[in-house]
Structures are given as structure tokens and as C-alpha cells.
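Enquirer: Using the hints provided, position chain U relative to the given structure of chain S.
Sequence order for the protein chains is S and U. Per my numbering, residue 56 is the first one in the first sequence, and the count goes up by one each step. Per my numbering, residue 79 is the first one in the second sequence, and the count goes up by one each step.
Possibly wrong hints are sitting among the right ones.
Unchecked claim - Simulated pairs of lysine-lysine, DSSO-like, Cα-Cα distance not exceeding 30 Å:
(1) S:372 with S:385
(2) S:476 with U:197
(3) U:185 with S:517
(4) S:151 with S:567
(5) S:549 with U:125
(6) S:266 with U:168
(7) U:232 with S:545
(8) U:125 with S:243
(9) S:266 with S:103
(10) U:232 with S:476
(11) S:135 with S:517
(12) S:443 with U:125
(13) U:185 with U:125
(14) S:103 with S:87
(15) S:517 with S:151
(16) S:545 with U:125
(17) U:125 with S:476
(18) U:171 with U:232
(19) S:476 with U:92
(20) S:567 with S:103
(21) U:125 with S:437
(22) U:168 with U:143
(23) S:372 with S:437
(24) U:171 with U:125
(25) S:266 with U:92
(26) U:143 with S:385
(27) S:468 with U:92
(28) S:266 with U:125
(29) U:185 with S:545
(30) S:468 with U:171
(31) S:103 with S:167
(32) U:168 with U:125
(33) S:567 with S:437
(34) S:443 with U:185
(35) U:92 with S:549
(36) U:143 with U:171
(37) S:545 with U:201
(38) U:185 with S:468
(39) U:232 with S:468
(40) S:517 with S:549
Please keep in mind that the hints were generated in silico from the structure rather than gathered at the bench.
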Amino acid sequence: MPPTPSKVLGIDLGTTNSCMAVIRDGEIQVIKSREGERTTPSVVGFLKGGDRVAGRAARRQASTNPSETVFSVKRFMGMKATDPSVVADSALVPFKVEAAANGDAWIHAAGKAWSPPEISAMVLAKLKADAEAELGEPVTQAVITVPAYFSDAQRQATKDAGKIAGLEVLRILNEPTSAALACGLDQKRNLNVVVYDLGGGTFDVTVLQAKAGVFEVRATNGNTHLGGDDFDQELIRTLLRSFVESDGIDLAGDKVALQRLKEAAETAKIELSEQVQTEVNLPFIAMRPDGPRHLVYSLTREAFNAATSHLVAATLKPCEQALIDARMAKTQVDAVLLVGGMTRVPEVRRQVEQYFGRPPHPGVDPDEAVAVGAAIQGGILKGQVRDKLLLDVTPLSLGVRVSGGLFSRLIEKNTTVPCRKTAVYTTANNMQTSVRISVYQGENPLAADNIFLGDFELVDIKPEPRGVPQIEVSFDIDANGILRVRAQDKETRKVQQIRIEPNSGLKDEQIKAMIEAAKGHAAANVQHSEAEQYRLTCRKLIEECSRELNLPGLGVGVDRAAGEAWLNQVAARLEGEDAESLKASLRELNQFVLRLRLSRPPKAADEAAPESGGAPPA
Amino acid sequence: MPERNHYEVLGVAKSASLEELHAHYLEKLHQVHPDRNVGDEDAAHEKTIEVVGAYRVLSDPDLRKRYDFRSGNPFRSDGELPGVRLLMSKERKEAELRFAEGLRWLKADDLVKAVEPLKAALKLEPAYSAASYNLALAGALLGNGNFALDVLTKAIQADPKDAALQKLRKAVTTTFLTV
Numbered sequence: 056m057p058p059t060p061s062k063v064l065g066i067d068l069g070t071t072n073s074c075m076a077v078i079r080d081g082e083i084q085v086i087k088s089r090e091g092e093r094t095t096p097s098v099v100g101f102l103k104g105g106d107r108v109a110g111r112a113a114r115r116q117a118s119t120n121p122s123e124t125v126f127s128v129k130r131f132m133g134m135k136a137t138d139p140s141v142v143a144d145s146a147l148v149p150f151k152v153e154a155a156a157n158g159d160a161w162i163h164a165a166g167k168a169w170s171p172p173e174i175s176a177m178v179l180a181k182l183k184a185d186a187e188a189e190l191g192e193p194v195t196q197a198v199i200t201v202p203a204y205f206s207d208a209q210r211q212a213t214k215d216a217g218k219i220a221g222l223e224v225l226r227i228l229n230e231p232t233s234a235a236l237a238c239g240l241d242q243k244r245n246l247n248v249v250v251y252d253l254g255g256g257t258f259d260v261t262v263l264q265a266k267a268g269v270f271e272v273r274a275t276n277g278n279t280h281l282g283g284d285d286f287d288q289e290l291i292r293t294l295l296r297s298f299v300e301s302d303g304i305d306l307a308g309d310k311v312a313l314q315r316l317k318e319a320a321e322t323a324k325i326e327l328s329e330q331v332q333t334e335v336n337l338p339f340i341a342m343r344p345d346g347p348r349h350l351v352y353s354l355t356r357e358a359f360n361a362a363t364s365h366l367v368a369a370t371l372k373p374c375e376q377a378l379i380d381a382r383m384a385k386t387q388v389d390a391v392l393l394v395g396g397m398t399r400v401p402e403v404r405r406q407v408e409q410y411f412g413r414p415p416h417p418g419v420d421p422d423e424a425v426a427v428g429a430a431i432q433g434g435i436l437k438g439q440v441r442d443k444l445l446l447d448v449t450p451l452s453l454g455v456r457v458s459g460g461l462f463s464r465l466i467e468k469n470t471t472v473p474c475r476k477t478a479v480y481t482t483a484n485n486m487q488t489s490v491r492i493s494v495y496q497g498e499n500p501l502a503a504d505n506i507f508l509g510d511f512e513l514v515d516i517k518p519e520p521r522g523v524p525q526i527e528v529s530f531d532i533d534a535n536g537i538l539r540v541r542a543q544d545k546e547t548r549k550v551q552q553i554r555i556e557p558n559s560g561l562k563d564e565q566i567k568a569m570i571e572a573a574k575g576h577a578a579a580n581v582q583h584s585e586a587e588q589y590r591l592t593c594r595k596l597i598e599e600c601s602r603e604l605n606l607p608g609l610g611v612g613v614d615r616a617a618g619e620a621w622l623n624q625v626a627a628r629l630e631g632e633d634a635e636s637l638k639a640s641l642r643e644l645n646q647f648v649l650r651l652r653l654s655r656p657p658k659a660a661d662e663a664a665p666e667s668g669g670a671p672p673a
Numbered sequence: 079m080p081e082r083n084h085y086e087v088l089g090v091a092k093s094a095s096l097e098e099l100h101a102h103y104l105e106k107l108h109q110v111h112p113d114r115n116v117g118d119e120d121a122a123h124e125k126t127i128e129v130v131g132a133y134r135v136l137s138d139p140d141l142r143k144r145y146d147f148r149s150g151n152p153f154r155s156d157g158e159l160p161g162v163r164l165l166m167s168k169e170r171k172e173a174e175l176r177f178a179e180g181l182r183w184l185k186a187d188d189l190v191k192a193v194e195p196l197k198a199a200l201k202l203e204p205a206y207s208a209a210s211y212n213l214a215l216a217g218a219l220l221g222n223g224n225f226a227l228d229v230l231t232k233a234i235q236a237d238p239k240d241a242a243l244q245k246l247r248k249a250v251t252t253t254f255l256t257v
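Isolated chain S (complex conformation) (with noise of 0.2 Å):
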């Protein structure tokens, strides 16, 4: 086996940047990229002969391959096509963003779908391979660094990128905790620090102490889905309109123009910053019969701010819900760190100072701090850093469905964690024989507004009048933030485990043969149709329906033997449909599993799932 290789690579996989760093005879040092630049574009880009290129080069060649170029993938890591977001968000893209039969947003490029961590991965793997041009020996484990506002999914989706590029991931990192590691905060007086961090696609606050080297992590909130390609789009909008009114011609179709636009926008805005005018300047922007159209545009700092004040405003409503949760007024605040590059907008500034009333923590470098924290967490796992130690929280609250589709908190949110918590449920019916735990994340009161992590059945349970059996689920998340979720019924002292692997997560096949396609070779793609996938829901759907006929309070007017004669029907005829009409079926399934349960006696509906509630003393 060779040695493991003493150096960890901390990892900022940005929206549109992507930083590293190293811990190199004692010192932290950020990595150059081979192209010489202290950040690598979060890019890739397909070329014409089968070829591609990641980062710098990718970036380069963005203008003339638009469509075959990949950027702000992060917003797309571990979501659903059908996410407003993601709706939103790829309507502004020049690439196809598409659904994979998971129902996770994919991105069309060279003629095939890839899931947005073997994108990620691209980008990984030239990070990975400048490191090791830098160091001269490989690089096989990471910190990576994540938006702590990112879901399982996300984060998982994060790790398989990792894995997809040849990287052992040690530790997914919250950003803006990693940026506070990085700022030399550790004193003997106990420090209160915010930490804002307006990335290209995402937006974080992070409310923490720091004490004795202990980075204890108070509250954490955010935005993941509002960054600095929010700004640009709202520059891009203008420009359209202006050129509309000045020229007659709309741009927004024309793939090619919009990559300029988009350019032309991220450099008026960096310009912005630090000149009050700017003059955008894009010369053929559109052909007409009577020859070819220049955009030429002069922009203010004023009209910027004009245009795209009510986004800073919009970050601010997440730090006062951060100060809240960390129960702290702003006036204890001790240091406001600014992370990520649109901090160095003056408005962001100037609003973020207004509202914190202090000035920004001097001496932090927006794009590197993220980096060199992951950097340092990598030493602390490798024995390297003693003095320091992360404590983080988690950011979404976690429970279980409970009677009529409620959710049950287990654990709340911005819980320090490692942390456990137990809770005590019972059965809904007499003599029930198991239940069905299934697992959320959220915050929002019902089950199925949540995000859905997994289920299990807990079986032979004995059988008991209802409210009598006693099953203990206890919730489990460890340093690495996997939870581990456990159901025991008290009296047989049976139990079932599992351990939560994110849903939309890719499976691990899938990840292999990324894995191995990545290496060079080509992998198979096995892809269920869009037919298979609404046959699938439908077998689920029949199941269910089937399950609630069999409960005991049927309700008025529904008859059980004419509804399974009925699904039987709609099952036998499954297999020869097509797409179109197993979507129609999959409706009047739906439609039948609500009367079902709209039918039902109110108290007899109620007790579908396992208990929870009880009347507290009067």
C-alpha cells in the first residue's frame, strides 16, 4: 500500500471560482493554478473534436462555444429539475439543463447528459492535477468546502464530485465557518464573529464564538440560490432593454450575444468597484440587412446600485434571522468578516456596514479565506493543527412524518453537532405490526413540504392496542454530518437502522463509472425512460392506494372491493402505456389516494401514521 500522502488539499469549489490551498512545511499557502492565477474558473468547456478543457482555458473559449460551455454547475448540485430554482436558473444558462430519470437536474453538453458532480469533478480534477504540478507529489485527499445553508443532497452531491476526480474527501466544510478558521481569530477573550459570504451563486451568514482555538458555530443561514450571477443578471436585463429601446433588437434569443452580455456585465460590475463609471462596449453585438449593430453603454455606479440594491437588501433578512437563532443583539457582535468576491461591491459594503453598525474585519482576503480554512481543517484531521477546532452546527432541523403528515423535529436546527437526539413514538392502530419511519429536513410544519432523505420499516413490532408499544427513534449525526437513523421497538427490543445517503444523491454504480469515465474510459449510462419512471411512481401509488383500502374507518361512500377491482385494472394496463397516458394514470391515482384519505372520519384519518401528539396538562 503506498504511504498516505501527508498533504490535504482544502478546497473552495466556488460558483464561478474555485480556490486551493495547502498546509506545505508548516505555513498555509494558496495554490497556483498552472495558468499562474491564485483562483481557477469554475468552467468547462466541450470542444469540437471530443476534447475538453477545465478553468482558465474553458473560460477563455466560453464566447465562441456557448452552448457547450458549463459554468455555475454549484447551483445545480443535488437538485431537482423540477426546483423553482433550477427552473430559474436555466432559463438564464446558454447549456441545457435537463431532468435525469431521478428527477435531478442534469446538464446536456458533447451530445450526452452529465450530472453536475462529474461537471464539478472536471473542475476538481484540475485543481487536483495544478496542485500536483505545485508540489511534485499527488494529492488524494480534500476538505471541500460547501454553502452552509446546502442540503444533504447538495453536500452529498459535493462529495461524489470529489470522489468522481480521485479524491478522498475528508471533510465537507461550511464555507463561511472554513473563512473564520482562516482569519486568526483564536485569542483568550471570547470573540463573537459574523460571517457574511456573498459567493457568485450563493449567499451565507454564519454566526460564531471563538474561544480557546474552539470555533463553535452559533447559527447559520442563508440563501442558496443569490449571488453575484444574480447581479450580473440584473446588469445583463438593463443592457437588453437599453438595447431594445436604442436598436429594435432583442438579444435575449441570440446564445452567443448573451455569452458577451454576460462577460461584458461580470466586468462592468468588477469595474464598478472600483471606479464610479464604466462604459460597456460590445461591438457586433447583431447583424441587420443594413449592417452590423454595436452595443455601447455607459454605466454608473449609481445605476448599479439602483439596479440591484434590493439584493443586498435581500441578505440582510437572513443575518437578522442568524442574530435571532444565536439568540445575540448586534451590538455584541465582536468582528464582521466579508467572504467571497461580491463583498468587494462598496454597496454590499456599505449596507452590510450600515447594518452591523462596525466596519468589516480588515485583512481578509474574499477569495482565498474560504481556502486556506479548508486548508487548516485539513491539518487538524491530519494532527498538524492542535490549537484549533470546528464545531459546527446543522443547518436544516430534522424529523420524522408523524400522524397526518406532520413533521416530528428530532433535532433542531443550528444543533451543534456531533450531537444525538431520541424521541419515544407509538402505533396509530390496534395490533399494528410495523411502522414506516420516514426521515425529512426542513422547517416547515408539514412532512411533505420538507426536504425527503429516506425511509425504513420497522417490523414485527408486538402486537398491542394502539398507543401501548413504545418505539424509540433516535437521530444520530456525526462529525462528518451523516446522520444515522435508528427505530427500536422497546418492548421486543428489535431494531432497524439506517443510515441516511441523501436521495438525489448519485448512486454508487453511478459514481464508479464516472469514476472510471472520468479516468478516460467510457462507461455505460443506464437511464430508465421517462416511461419507466411514471410506471414506477404509478406501482408506488397502487401500492399505497391499496394500503389505505386495507386500513381499518374506511369512509363514507368508498367501497373496497369495487376500489381494488379498480386498481387492479389500472395495474394490468400499466405495462402497454406510453408516457402520455401513464401520466393520466398516475393522476387518477393521485386523485383516488386523496379521496381516500379526504373520505376517511377525521380521528381515523389522523392516526394513519404513528402518533405523536397528547394533551399537554391544562
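Expert: Below, chain U alone, put in the same frame as chain S:
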């Protein structure tokens, strides 16, 4: 594995101030955290959970108050009613069953679910001291000191000699009803 006392876990005295608690907490974390014990993560995980859990309770004045109250006033499990079992009425037997059910939920740390069976036991057998005791305890821990006091006052009227009831009433009054 019997649960260790939160104060023992953090290595502090029962009278420890918030600052002392925090200092000990950070020190313990440096020792037990999985990131400090690579290769022995599972044991470190268990220890860290214990430390984090202890600090979570003791650093919150309200939770700490309840924790102290609870460790000083354990549940009563002496639920058997006096009398010859064979001659016992159906109501009394049912009351015992309901008491046992309530106790089971208390032991499972689900106070809310314990309330209903304990109330039922008391309805069947109004002079049921152990049921009154446990119901008052659950009520107090759920934040309803007045309810607890009500239950206890009635129970003491029915059985003035029960010392445990008297002791609990005093504890409820000093812990939850002093301003």
C-alpha cells in the same frame, strides 16, 4: 450504560458559573472531539455527544433548572395500591394499569404522553398518591408549576402523611414559583 451526571461529564461542581462551564466544555472538546482522535472516531463520537449534550443543558438556565429539579426528584414507581388484590375492584386494578402506562412514558422521557394515563388513574382512584406525585412532576417539568401545585395540594389533603408529596410541593414551589 448508566448515564453520567452532566456535571461529572464536564468535570465541574454543581454550583459552576456559566463561564466555568464554558471553559471546561472547550477543554473537554479539545480532548474528546473526533477531529482530535482520528482513527478512534467512534469512541470519540460517543464522548463528544455526551459533552455537547451536557453543555447544551447546563448552559441554558431554564434547562439547567429543570435538570437539577429532575435529578433531585425522581419519579415514583411504587404504584401498587394497598389492599388484598383478589378483593380489589375493577376500577382500582384499571387505575394501577393506567399508572404503569404513565410511568412507562415518563421513563421513555415523553412527559406529554404520560399525562393522560396518569390523569385517568387519578380519576379512577382519587387518593392515588404515587399517581398524583408523578403527574405533578410531569406537569412541573412541562412548565406548568401551578398545575403541579394544584395536583399536590389535593393529594396532600387526601393523604397528609405522605412525606414525598410534601417534599415535592416544596421543591416545585422553590424551583418554579419563586419570582
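Enquirer: Would you mind marking each hint as holding or not holding in the structure?
Expert: Tested hints:
1. Between residue 372 (chain S) and residue 385 (chain S) the alpha-carbon distance is near 13 Å, which keeps this suggested pair within the 30 Å criterion.
2. A hinted pair counts as satisfied when its Cα atoms are at most 30 Å apart, and residue 476 (chain S) with residue 197 (chain U) qualifies at roughly 28 Å.
3. Proximity of residue 185 (chain U) to residue 517 (chain S) is assessed by CA-CA distance (about 19 Å); at most 30 Å being required, the pair is judged to hold.
4. Distance hint between residue 151 (chain S) and residue 567 (chain S) is fulfilled; the C-alpha atoms sit about 25 Å from each other, no more than 30 Å.
5. Using a Cα cut-off of 30 Å, the hinted pair residue 549 (chain S) and residue 125 (chain U) holds, with the two alpha carbons roughly 25 Å apart.
6. With a C-alpha separation of about 63 Å, the suggested pair residue 266 (chain S) and residue 168 (chain U) falls outside the 30 Å cut-off, and the hint is violated.
7. For the proposed pair residue 232 (chain U) and residue 545 (chain S), the alpha carbon gap of about 34 Å is over 30 Å, so the pair is violated.
8. Taking the CA atoms of residue 125 (chain U) and residue 243 (chain S), the gap is about 25 Å. The hint holds against a cut of 30 Å.
9. Distance restraint check for residue 266 (chain S) and residue 103 (chain S): the Cα-Cα separation of roughly 54 Å exceeds the 30 Å cut-off, and the hinted pair is therefore not satisfied.
10. The suggested pairing of residue 232 (chain U) with residue 476 (chain S) is violated, with an alpha-carbon distance near 36 Å, which exceeds 30 Å.
11. For the hint linking residue 135 (chain S) to residue 517 (chain S), the alpha-carbon distance of about 39 Å lies beyond 30 Å, and the restraint is violated.
12. Of the supplied pair hints, the one linking residue 443 (chain S) and residue 125 (chain U) holds, its CA atoms being roughly 19 Å apart against a limit of 30 Å.
13. Between the alpha carbons of residue 185 (chain U) and residue 125 (chain U) the distance comes to roughly 23 Å, so the proposed pair stays at or under 30 Å and holds.
14. Taking the CA atoms of residue 103 (chain S) and residue 87 (chain S), the gap is near 28 Å; set against the 30 Å cutoff, the hint holds.
15. For the proposed pair residue 517 (chain S) and residue 151 (chain S), the alpha carbon gap of about 53 Å is over 30 Å, so the pair is violated.
16. Distance restraint check for residue 545 (chain S) and residue 125 (chain U): the Cα-Cα separation of roughly 24 Å lies within the 30 Å cut-off, and the hinted pair is therefore satisfied.
17. For the suggested pair residue 125 (chain U) and residue 476 (chain S), the alpha carbons sit about 15 Å apart, so the restraint of at most 30 Å is met.
18. At most 30 Å may separate the alpha-carbon atoms for a hinted pair to count; residue 171 (chain U) and residue 232 (chain U) meet this at roughly 22 Å.
19. With a C-alpha separation of about 24 Å, the suggested pair residue 476 (chain S) and residue 92 (chain U) falls inside the 30 Å cut-off, and the hint holds.
20. With a C-alpha separation of about 27 Å, the suggested pair residue 567 (chain S) and residue 103 (chain S) falls inside the 30 Å cut-off, and the hint holds.
21. With a CA separation close to 20 Å, the supplied pair residue 125 (chain U) and residue 437 (chain S) stays within the 30 Å bound.
22. Taken as a hint, the residue 168 (chain U) and residue 143 (chain U) pair is broken in the structure, with Cα atoms around 40 Å apart against an allowance of 30 Å.
23. Only pairs whose Cα atoms come within 30 Å are accepted, and residue 372 (chain S) paired with residue 437 (chain S) is rejected, the gap being roughly 38 Å.
24. Between residue 171 (chain U) and residue 125 (chain U), the direct Cα distance comes to roughly 44 Å. Violation of the 30 Å bound is thereby established for this hinted pair.
25. Distance hint between residue 266 (chain S) and residue 92 (chain U) is fulfilled; the C-alpha atoms sit about 23 Å from each other, no more than 30 Å.
26. Simply put, residue 143 (chain U) and residue 385 (chain S) have alpha-carbon atoms about 28 Å apart, close enough for the 30 Å limit, and the pair holds.
27. For the suggested pair residue 468 (chain S) and residue 92 (chain U), the alpha carbons sit about 29 Å apart, so the restraint of at most 30 Å is met.
28. Distance restraint check for residue 266 (chain S) and residue 125 (chain U): the Cα-Cα separation of roughly 21 Å lies within the 30 Å cut-off, and the hinted pair is therefore satisfied.
29. The straight-line distance between the Cα atoms of residue 185 (chain U) and residue 545 (chain S) is roughly 11 Å, inside the 30 Å bound, and the hint therefore holds.
30. Using a Cα cut-off of 30 Å, the hinted pair residue 468 (chain S) and residue 171 (chain U) is violated, with the two alpha carbons roughly 45 Å apart.
31. Between residue 103 (chain S) and residue 167 (chain S) the CA atoms are separated by roughly 14 Å; this keeps the pair inside 30 Å, and the hint holds.
32. A hinted pair counts as satisfied when its Cα atoms are at most 30 Å apart, and residue 168 (chain U) with residue 125 (chain U) does not qualify at roughly 49 Å.
33. For the given pair, residue 567 (chain S) sits about 27 Å from residue 437 (chain S) by alpha-carbon distance, which is consistent with the 30 Å threshold.
34. Between the alpha carbons of residue 443 (chain S) and residue 185 (chain U) the distance comes to roughly 39 Å, so the proposed pair goes past 30 Å and is violated.
35. In summary, the hint linking residue 92 (chain U) to residue 549 (chain S) is not supported, as the alpha carbons are separated by about 38 Å, beyond the 30 Å threshold.
36. For the given pair, residue 143 (chain U) sits about 36 Å from residue 171 (chain U) by alpha-carbon distance, which is inconsistent with the 30 Å threshold.
37. Restraint check for residue 545 (chain S) and residue 201 (chain U): the C-alpha separation of about 28 Å stays at or below 30 Å, so the hint holds.
38. Simply put, residue 185 (chain U) and residue 468 (chain S) have alpha-carbon atoms about 26 Å apart, close enough for the 30 Å limit, and the pair holds.
39. With a CA separation close to 41 Å, the supplied pair residue 232 (chain U) and residue 468 (chain S) exceeds the 30 Å bound.
40. Distance hint between residue 517 (chain S) and residue 549 (chain S) is fulfilled; the C-alpha atoms sit about 10 Å from each other, no more than 30 Å.
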